[in-house]
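Peer 1: Chains as they are written, first to last, in this note's numbering: chain A, 105 to 473; chain B, 105 to 473.
Honestly, the hints are just simulated from the structure, not real lab data.
The reader is advised that the hints may include incorrect statements.
When chains are identical, the list treats them as one kind, so a pair holds in a single copy or across two.
[Claimed, not checked] Derived lysine-lysine pairs resembling PhoX-like cross-links, with alpha carbons at most 20 Å apart:
id	residue 1	residue 2
1	K421	K148
2	K148	K438
3	K148	K343
4	K205	K189
5	K438	K421
6	K343	K438
7	K233	K189
8	K343	K157
9	K205	K436
Protein chains: 2
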Amino acid sequence: MGEFDDILFGDHEILWIPGPTEMYPEIRAALARPTIGHRSQACKDLMLRCRDKLAPLFGTTQHVLFESVPATALWEAAIRNLVPKRSLHVHCGAFSERWAKVARACGREADEISVPWGQANRPDTLRAKLAESSYDAVCLIHNETATGVTNPLRELASVVREQPDTLVLVDAVTSFSGIPIDFDELGIDLAFASAQKCLALPAGFTVYALSDRALERAATAEGRGWLLDFVRAQEGLSKGESVATPSIPHLYALELQLDRIAAEGLDARYARHQAMATRMRSWAGDRGFAMFSEAGFESDTTSCVAAGDLDVAWFVKELRARGKFISNGYGKLKGQTFRIGHMGDHGEAQLEELLSDMDACLVQRGSPT
Amino acid sequence: MGEFDDILFGDHEILWIPGPTEMYPEIRAALARPTIGHRSQACKDLMLRCRDKLAPLFGTTQHVLFESVPATALWEAAIRNLVPKRSLHVHCGAFSERWAKVARACGREADEISVPWGQANRPDTLRAKLAESSYDAVCLIHNETATGVTNPLRELASVVREQPDTLVLVDAVTSFSGIPIDFDELGIDLAFASAQKCLALPAGFTVYALSDRALERAATAEGRGWLLDFVRAQEGLSKGESVATPSIPHLYALELQLDRIAAEGLDARYARHQAMATRMRSWAGDRGFAMFSEAGFESDTTSCVAAGDLDVAWFVKELRARGKFISNGYGKLKGQTFRIGHMGDHGEAQLEELLSDMDACLVQRGSPT
Numbered sequence: 105m106g107e108f109d110d111i112l113f114g115d116h117e118i119l120w121i122p123g124p125t126e127m128y129p130e131i132r133a134a135l136a137r138p139t140i141g142h143r144s145q146a147c148k149d150l151m152l153r154c155r156d157k158l159a160p161l162f163g164t165t166q167h168v169l170f171e172s173v174p175a176t177a178l179w180e181a182a183i184r185n186l187v188p189k190r191s192l193h194v195h196c197g198a199f200s201e202r203w204a205k206v207a208r209a210c211g212r213e214a215d216e217i218s219v220p221w222g223q224a225n226r227p228d229t230l231r232a233k234l235a236e237s238s239y240d241a242v243c244l245i246h247n248e249t250a251t252g253v254t255n256p257l258r259e260l261a262s263v264v265r266e267q268p269d270t271l272v273l274v275d276a277v278t279s280f281s282g283i284p285i286d287f288d289e290l291g292i293d294l295a296f297a298s299a300q301k302c303l304a305l306p307a308g309f310t311v312y313a314l315s316d317r318a319l320e321r322a323a324t325a326e327g328r329g330w331l332l333d334f335v336r337a338q339e340g341l342s343k344g345e346s347v348a349t350p351s352i353p354h355l356y357a358l359e360l361q362l363d364r365i366a367a368e369g370l371d372a373r374y375a376r377h378q379a380m381a382t383r384m385r386s387w388a389g390d391r392g393f394a395m396f397s398e399a400g401f402e403s404d405t406t407s408c409v410a411a412g413d414l415d416v417a418w419f420v421k422e423l424r425a426r427g428k429f430i431s432n433g434y435g436k437l438k439g440q441t442f443r444i445g446h447m448g449d450h451g452e453a454q455l456e457e458l459l460s461d462m463d464a465c466l467v468q469r470g471s472p473t
Numbered sequence: 105m106g107e108f109d110d111i112l113f114g115d116h117e118i119l120w121i122p123g124p125t126e127m128y129p130e131i132r133a134a135l136a137r138p139t140i141g142h143r144s145q146a147c148k149d150l151m152l153r154c155r156d157k158l159a160p161l162f163g164t165t166q167h168v169l170f171e172s173v174p175a176t177a178l179w180e181a182a183i184r185n186l187v188p189k190r191s192l193h194v195h196c197g198a199f200s201e202r203w204a205k206v207a208r209a210c211g212r213e214a215d216e217i218s219v220p221w222g223q224a225n226r227p228d229t230l231r232a233k234l235a236e237s238s239y240d241a242v243c244l245i246h247n248e249t250a251t252g253v254t255n256p257l258r259e260l261a262s263v264v265r266e267q268p269d270t271l272v273l274v275d276a277v278t279s280f281s282g283i284p285i286d287f288d289e290l291g292i293d294l295a296f297a298s299a300q301k302c303l304a305l306p307a308g309f310t311v312y313a314l315s316d317r318a319l320e321r322a323a324t325a326e327g328r329g330w331l332l333d334f335v336r337a338q339e340g341l342s343k344g345e346s347v348a349t350p351s352i353p354h355l356y357a358l359e360l361q362l363d364r365i366a367a368e369g370l371d372a373r374y375a376r377h378q379a380m381a382t383r384m385r386s387w388a389g390d391r392g393f394a395m396f397s398e399a400g401f402e403s404d405t406t407s408c409v410a411a412g413d414l415d416v417a418w419f420v421k422e423l424r425a426r427g428k429f430i431s432n433g434y435g436k437l438k439g440q441t442f443r444i445g446h447m448g449d450h451g452e453a454q455l456e457e458l459l460s461d462m463d464a465c466l467v468q469r470g471s472p473t
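Just chain A, same shape as in the assembly (with noise of 0.2 Å):
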């Protein structure tokens, strides 16, 4: 007995990175509790939980869902069920560019429109574009992970909504539970996020949420599949049915830091992610670094700096020898900038100690060796 708190308490690297995010101990206890049968009534119960506790989170009183897949399954999802035929892919980075060749492995045909990394889509780009075209769908980003851009959904779901029948379709991968979706007002058809960015659980498992008239559309969806059918997940939940047996430990997880999340406080949750972002961009200009993200929509989770002359392997090896794991660039970003993911579970007084150390390997950095 007590054998297991070294797993728990123990030293470990802490995360840094835009996900898998840090867990907190009692979420990792939830992951080792005695398994339940799928079909109980218990384990029914769990699921109509969790349902109903992810609602204000998307901010929806429509369609909440759920499923043991990673949220590159959504992508995929997405386009069986809602894109019989063109999607429109507004874009700014590497996650957002993937899912119209996601669209494109389905046999869809995937038109886009782009800024370059760093930059946020603009609103007047893409009402210009939807006059010269029509799509099924318009796939968004909310916060694009490769550059820590926040896009401005509102107004982009807002230009998008002009047209009738163009559905609006948001990944809200490493949005979700860290700055607010506001679903129904914004009139969001289908908006996704996987469990190990803000919700700060295991990857393997993703939440999304479909608009009424999203269920509408997929009703008519040939080819749309079967464990991601969003007609037959939507049946299977209301009561309290998976399609395919879940991940019971992530449905501990997740029903846990649900109540943590309840706990905390929606509006608390969202200061403390700006509050984090903010203190992170703080010591960036302090430093000499300017931010890769475009000003006013630097992202409140993932912090994405332009390293300069910083040797950004060396940093990365650095801060790990220290015990704390940040990102170098992704994709073609590797080398040029650093990336922080500071949501989830993380506080103000754990990016300190982070800064901290940042700070140390800086110091280091400028000293003859």
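Please arrange chain B on chain A, whose structure you already have, making use of the hints.
Peer 2: Relative to the frame of chain A, chain B by itself:
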């Protein structure tokens, strides 16, 4: 400290359902380990070790893969990657039937041959069907969870291999690691299994093996998607990379379980499952119950017992009151059969405890109340 010991070692209902199966405390503790970055070298090494340790369980030197999805996703991926037009589904129960429905939900023509529930599929019937018509692939089930039948996989696969261009796809969900698969020897092209059956891990994770010719076929498949694009997945894992962020807790627990399996020895493991099944059948016979599954094809992992005039709902409820959870019959067999999943980490000693409680229930049933 010590506050979480109760989670691991406290009393709980013991699962004897055919999945999810009972998990060892040390396996559950592994789920609670601090997470690591999925692009770290530590995670790459972990994934490659899991891949290599899985290969002997499939009996393959070809391609071993996994993804953090339910096995239901593999039914679908099998079709999208490997069946351009028509599949033949050889079924004998609810789960093997469902694969045909999934194929149609992916827009394919799905032909079927079946036997009455409780019987095994017959090689001669399959040969006759293949003589009539040609298929891109034949979809077989190794062990049908609804009926407790193990199909003669060797003979069925051999019949398919008489056709040069027809792939052999095998649902090994409730056989993998409890009954030998012999992937290479039998000329199988795809076999997959979920984690919450004989592997005794949480659901939401699937392991699979692919033949060289299956990979070649997949490379030409249009609209095969992204997450379970077999070519993308294989190219990724060959470098220790995953298409999407994997569930790290599942990987930790998987490696530990594969080490435990290697320590027990595969032959000993198969023998343990066989011994439990034999004991289960002899118990049933001694108590006047017939097996629902055809003689000679009874499963070593899942026993499906014809309930006769026993009130199955009452029996399940009484056993639950004694801390043991077995399954009612599945689908149309509800109330007519009961099912015991004697797989994974269960052994003969634990089975005796279950049988003793089952006996106590039967005695109670016979007594005036």
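Peer 1: If a hint holds in the structure, say so; if it doesn't, say that too.
Peer 2: Hint-by-hint comparison with the structure:
no. : hint        : verdict
1   : K421 x K148 : between (45 Å within a copy, 17 Å between copies)
2   : K148 x K438 : between (45 Å within a copy, 19 Å between copies)
3   : K148 x K343 : within (8 Å within a copy, 39 Å between copies)
4   : K205 x K189 : within (14 Å within a copy, 24 Å between copies)
5   : K438 x K421 : within (14 Å within a copy, 58 Å between copies)
6   : K343 x K438 : between (46 Å within a copy, 19 Å between copies)
7   : K233 x K189 : within (17 Å within a copy, 37 Å between copies)
8   : K343 x K157 : within (16 Å within a copy, 39 Å between copies)
9   : K205 x K436 : within (17 Å within a copy, 43 Å between copies)
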